[in-house]
Amino acid sequence: MSGSPFLVLSAILFTIGCVGVLTRRNAIVVFMCVELMLNASNLALVTFARVNGNLDGQVAAFFVMVVAAAEVVVGLAIIMTIFRTRRSASVDDASLLKY
Amino acid sequence: MTSAVTLAAEFSKPDVEYSLISPLLIVFGVACLGVLVEAFVARERRYLAQVVLGLVGVIGALVATIMVAANLAPQGDTAGRGEIAVEGAIAVDGPTVFLWGTILVLSLISVLLFAERHLEGGITAFAGQAAALPGTTAEREASTRGLEHTEVFPLMMFSIGGMLLFPAANDLITMFVALEILSLPLYLLCGLARRRRLLSQEAALKYFMLGAFSSGFFLYGIALTYGYAGSMNFGDIAEAITGRIGGQVLLLAGIGLIAVGLLFKVGAAPFHAWTPDVYQGAPTAVTAFMAACTKVAAFGALLRLFYVGFGAARWDWTPMIWVVAILTMLVGCLLAITQTDIKRMLAYSSIAHAGFILTGFVGLHQVDSFAGTQLSSVQAVLFYLVTYGFMTIGAFAVVTVVRDGSGETTHLARWAGLGKTSPLLAGVFAFFLLGMAGIPLTSGFTGKWAVFTSAVSGGAWPLVVVAVLLSVVAAFFYVRVIVLMFFSEPVGDGPTVTMPSVMTTVTITVGFAATVVLGVFPGPVLDLAANAGQFIR
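Residue numbers (the numbering used here), protein chains in the order written: chain C, 6 to 104; chain S, 120 to 656.
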């Protein structure tokens, strides 16, 4: 089976996520874009599992979901603390550390 | 669909070699116990319980590592020993146990640094209550009540567990999971400083955002490599590359994206941007731990993946690593000159060290037997990691004790004249700096000598020329700090050196002793590194 439409979709999602991380300013949105990148990888993994005819990719996708969930816990905690301190979730405002 | 059906029918119980992976199990077990201690032990007894648990756990894992190392069986007639455990997920071989030992010893002295309570007046250097906003009554109340977050110890244990798993991982998904296990607790630890909490939180945010971004690249690289090779296992990937099956574009893109993720973790340019900010903002004990142990673990993983998995495609990836190595050394050495903050300067110096290690890594020099007089690239890099780890933890430990009323004084100008007020400490720090600069009779020299000779043997001599020239540049900014400490007058009232408890003293002493011994008498550790042999597949 050709997986190429799915792979193209996953590449598009990955690119959207990547561009989003680089251009968006709100920490939550940046974080959502990172999650989009992880999910794009999941789609690629599952597609390749189908193309290759083994289950490794599908199992990997489950691991990635669990890791992504753990990352959300840690990430939102960090974003929350910085939002409560600064009353802003903009990544541009966090600029005390430089040079 | 038939393939899925047959695969389902073939399922059999996985075989887990518990004794081989016992160091991992001990560390993760202690981490889980630490979480239970947080839940069930009274607040005033938690600190002691956690410190004892942490030390016992790390020492236990170290003993287990030595047991595993003693029982590694030679593999065929190659220069490798050990075996692939847990259904191909973990490779327990010579380099793995060497890295386990290194990480555990470095972690042991980091635990002592974490447990230091003398410097802040009977309390750890971590936030009393991380949820309390800086400058509010809640925060003041937390500090007057003497609250402290003892959760840092289980977090650290989980991170150590991830670090042990990372260089041992023998398939891509295990490597990804290990990467996240080591990173996620570190993101949190970075944000837990008691003083300068805004900087600390900002460091955590930056580390987390960029770390998550880079692991996105890493994962997509895994997906593409899996698509190319049809397997996550390093051995199968190597076979697929040797057979040159499938599309080369998939493989090259996969290697590139995975390299982004790993080079980010080792702090190599152009993926180094997080390093100075995070090293400066994080609590110094955490910086010491992460600068030393993360780099050891990440370089171990980088070596295994690129030597075992992608070894057959070396002509495709060595040019990339050449460029990255030169860029890393340039960025590290040149930008360190302009720094005015001691922690930032050490951060750039760690970037420069990553470049030197990459020089050894790219040499790809192999030896075929244990008896050889020369070190292979793997062994040289292993040895360099040991020397680097001890110097780094020692140097950051010294930074924790130079203080004034508002906490640590990290601005370089405030270090002027430190050699006159406390010559012993300044002397030790100067020695660490000389070690990092690679002056003979320090471990930095033997480490650099090992990686540079192995790189020359592997034919990477132009890179070694660049590395040596940039070492000279690096010596400049290290020596400048020494001159500042010993030959300039203190500004104002100058910094004071707070007498630390025995724990930080032990950390500094161990770091100092390792730097001296590995410089003057490197033989035993070099032998250990040489005995580690090669990676198995």
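Since the hints were derived computationally from the structure, they do not count as laboratory data. Be a bit skeptical, because a hint or two may be false.
[Stated by the list, open to error] Partial list, derived from the structure: chain S residues whose beta carbon lies under 7 Å from chain C:
| no. | residue |
| --- | --- |
| 1 | Glu239 |
| 2 | Gly240 |
| 3 | Ile292 |
| 4 | Leu318 |
| 5 | Gln320 |
| 6 | Leu329 |
| 7 | Ala392 |
Ideal placement from N, C-alpha and C gives every residue a C-beta, glycine not left out.
These are the hints, each one checked on the structure:
1. Glu239: Check failed: Cβ of Glu239 of chain S comes no nearer than 21 Å to chain C, outside 7 Å.
2. Gly240: With a minimum Cβ separation of about 24 Å from chain C (threshold 7 Å), the hint on Gly240 of chain S is violated.
3. Ile292: 4 Å, holds
4. Leu318: 6 Å, holds
5. Gln320: 5 Å, holds
6. Leu329: Result: violated, 9 Å to nearest chain C Cβ.
7. Ala392: 11 Å, violated
Checked against the numbered hints given earlier, the structure breaks hints 1, 2, 6, 7 and satisfies all the rest.
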